[in-house]
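Here's the letter readout for the chains.
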Amino acid sequence: MLSSFFPCHWISPFILSILLFSRTFMAIIGGVIAGILGLNSLTGFIFYFLVMAMTSVALTAKAKFSIHSYFDSWNRILLDGCFGGLMSFVLFWTYPSYVRFAHFPPPLIKLSELCCQSFQVLLS
Amino acid sequence: MGAGFLVGVIGVLILSHATYSTIQYRALLKITEEEFSGPPIDVVIELIVSLVLCLWAAMAAPGNFKSIHPQSEENRVVALPANLDFMIFNHRGKIFPLETELKLK
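Heads up: the protein sequence lines correspond to chains P and D, in order. Following the working numbering, the numbering of the first sequence begins with 1 at its first residue and continues without gaps. Following the working numbering, the numbering of the second sequence begins with 1001 at its first residue and continues without gaps.
Derived from the structure by calculation, the hints contain no laboratory data. There could be a bad hint or two in this list.
[To be verified] Computed spacing ranges between beta-carbons, pair by pair:
#1 73(P) with 1038(D): 35 to 41 Å
#2 69(P) with 1045(D): 36 to 42 Å
#3 16(P) with 1045(D): 34 to 40 Å
[Stated by the list, open to error] Some, not all, of what chain P presents toward chain D, calculated at C-beta under 7 Å:
#4 18
#5 21
#6 26
#7 29
#8 33
#9 63
#10 65
[Claimed, not checked] Some chain D residues near chain P, calculated using beta-carbon distances under 10 Å:
#11 1002
#12 1019
#13 1022
#14 1036
#15 1038
#16 1047
#17 1048
#18 1059
#19 1063
#20 1066
#21 1068
#22 1086
Ideal placement from N, C-alpha and C gives every residue a C-beta, glycine not left out.
When you get a sec, could you build the whole thing from the sequences and use the hints?
In structure tokens form, the structure reads like this:
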């Protein structure tokens, strides 16, 4: 009788935030590792999806391999957050390449020059 | 949260050490004018170890999954209708005739 009052497959947003945390954290760590390894174009994206597959397997193991007592579908564990984490991955993947070339990218140089000039104008 | 968080901190520290080693290695390559084909083997081992530690931290730190079934052992849903303190009888429904033949289904 209780199950008629309460929806059976209601997932708490807290659990979804656990999934999101794991995905984003692993995307950031994977991005840093891909940057250190110096992976190029397609190899980096393949590496990202390998890391996400590892995360999916680990999440399945965390759910003790009984997905349907914790989630409503497999997509929650396999797909959710994969493409959101891609943005974090690319950010942390390309950041070391700026360090590698040991100079600022051109837009930042322009920006810093502009800042210096405006400071000089303000001070004079 | 404590142990998982600590493992994650250790993983990030190993990762930053690997980053520092790679920067030094690249500086060395710049002096000897060689091409970078990949970090040295000890850095790769450090990366693998930190990846495993961070994977562990990502699983352990945020918290445990809770079952979605209301009948489960670890269920935390407090059933309000089962709690007699919250039952209210003094409402406008009392002017309607009581249907004693009504069956709960």
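Checking each numbered hint in turn, tell me which of them this model violates, lowest number first.
Violated: hints 10, 11, 22.
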